[in-house]
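S.K.: Protein sequences, first through last, are from chains A and B.
The first sequence begins at 24 in this note's numbering and counts up one residue at a time.
The second sequence begins at 6 in this note's numbering and counts up one residue at a time.
Keep in mind the hints are simulated off the structure, nothing from the lab.
Treat the numbers as computed from the prediction; the structure is a model and nothing was measured.
Do not take every clue at face value.
[As the list claims (entries may be wrong)] Here are the simulated lysine to aspartate or glutamate pairs, EDC-like style, with alpha carbons at most 20 Å apart:
hint : chain 1 : residue 1 : chain 2 : residue 2
1    : A       : Lys69     : B       : Asp195
2    : A       : Lys69     : B       : Asp215
3    : A       : Lys64     : B       : Asp181
4    : B       : Lys216    : A       : Glu121
5    : B       : Lys78     : B       : Glu16
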Amino acid sequence: MIRATSVLALAAAAAVPWVQARVDGALGAFRAQDEVLYLWKGSQVKRMVPGFEHLAADLYWLRTVQYFGGERVFAKDKRFDVLYPLIEITTTLDPRMEIAYRYGAVFLAEQYPIGAGRPDLGIAVLERAVQNNPASWRLHQELGFFHFVYRRDAKRAAEVLVEASRIPGAAFWLKNLAAEILGKGGERDIARRMWREMLEQSEGALRENARIHLMALDAADAVDLLNGRVALFRERMGRLPRDLGELTAAALARGPLVDPAGIPFEYDSQTGKVAVSRTSYLRRDDLMGETR
Amino acid sequence: MVAVAANTFRETVRERVLYNLVFFAILMTLCGLLLGQLSIRQDEKIIKDIGLAAMELFGHVIAIFIGIALVSKEIERKSLYPLLAKPLSREELFLGKFAGLGFTLLVNVGAMAAGLFATLLVTRGEADPALLKAVFAIYLSLLLVVAIAMLFSAVTSTALAAVCTVCLVLAGRFSDVVRNMKQVAPGVPDRLVDFLYFALPNFRNFDLKDKVTYGEFVPWHVLGWITLYNVVYITVLLGIGLACFRRKEFQ
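The shape of chain B in the complex, shown without the other chains:
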């Protein structure tokens, strides 16, 4: 599994993922230099907001599209067959790919966070280490996106997997709307609301950006609970994905 993960990491890096980091770094630096003049005394907040939002946005794009390509493209290109012919179980392959992309995202998010801190230091902003809590939460959300992408790529085609993943991630971002659905549609049964609220991946859990930007303390137990939520949800997704992948007939 470690070999598969290492290979996946090398493979994803070759997909020019790291180029987005250069783009990100340039964007951040330009923002830091320009926005101080455009906004009124909000440059530091804007750098933090843009930095964290860009990290999340770029991360999601990478997680969705590379996550899908990991399995479904290999199936479509038939490059999976030689791998399956080796003494390697489907579980090892599937989980190894998840771990490999997870590591790529870790490097990616780490570099983006370094870019954010560097920009804050250059512009004499407050490089508050508490920002790392929001970065950690973003990383957890990216792992969840990868798990969703891999589940769909194991059961359907690349294009459909992309559409389904994007839809589910978007739905998960509106979990607060789902929870308050009764306010606008009083006729909706409570059980349906509860089912949707608990079944959809709740991406709002991982949104600590607002809190850390304003220097609000995020208790460690909150990080603990969202980590546990992430582990549980990913276990479910990878479990279903693996079951589908194991039963899949390759012709």
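Okay, chain A solo, but in the shape it has when bound:
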């Protein structure tokens, strides 16, 4: 009896990897875990962990990062439904966790599928951030940037930047920037200046995000330039160029006509419009058709 049981147990043990391989084959090697939140409010979670709020905030922050990364990198149909509640819970448990506000706002505001495509929620996160951390000029500065870059609300952006400039230790250029915004300077130039500041002040993913935004602005400038050259070509030749190669042949453009990511620009020979390629991660619909 004991011998038979042992043989059966050994056979079953040997069968486990075989069955697991079949399960992997049926469901795919990577199976994204369905994200479930049992508690949707930071205040509810806070009541569950008296005295351990910061530890819980850390765990929720780790979950936020893993959730966002998992959806962005692995998921086929990217969904960010749980992102805002996770950030809300994290920042309610630890209202001083600046990194959660800053990264969380970027995760939410970036256009889909790079981010959740919800700049309104990104701004809501930063509004809470400045409310909870009134002495942090950096959070105020980022809120101002977000109002300008994602909402095109120059008035509110300038107001927030002026508020930021009044905080002790704030950067001296915040007031000038606010004045420039209100002076209706070129939107793209102001956005470039903001992203440059972000690039200089940030590290890691935020720095990389700022670098990509600067490249996208350069790509938009290059598109404007090429559209001007197409118009010049039409003036000279009386017709639209058939492709961008004709611009080079006519000495109206030089070098490979690619965006800063190395992807060729798109050209519509019917309308004569040049655009950043749909396949390029530098394409920003909000920058299309806007001038410097």
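We have chain A already, so just place chain B on it with the hints.
M.R.: Relative to the frame of chain A, chain B by itself:
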């Protein structure tokens, strides 16, 4: 009393309390190595948060279960009788046991703090000495838990003492909720709210973790006041516990 305390220390160490330190050290090291990659630039904060929270959590578990076992198990096993037959007063026995477990917890918390600082140094984090203020506050809270556990173990059975201690400690952690009870239940009389707020052990007093993690200065007078609160509350608990223990009939 010193002899009882020393004996209690040896006894509690034999209860494999120190094994949790090894577990703690491994957990901390793993956290330090792994979390830096999982979180975004929050590794140092997470190490501090996990280190202090684990110290408090493990400490509470040790304080509750060993604190209860100190008296009630000895009563249940009847191993207390030979001790009482010796020229040793019940006060000396009771307070000696408290002091012994207090010393065990001191060693325990000290080793855990050393593990936390070692992890911070290995991961090139800031081993801020101000963290010791939070460690001290945690130690005070553990002494209070031991006093609660010993009080209940002197008046009831092991199982019931465990349940009562856990409930009272949990209630004490919600003291801020008790204080703001009127906001959700306006009909509750003020006196009842005040009574509950002042009668329950206020474990929120000892929570300095958040402050030290963010490098906020904790004034020395705050430490002084929470130490005084701890001394006063423990005196009350041990006084009641001792009175019950003195009157207890052992058959």
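S.K.: Broken hints, numbered, in rising order?
M.R.: Failing hint: just 1.
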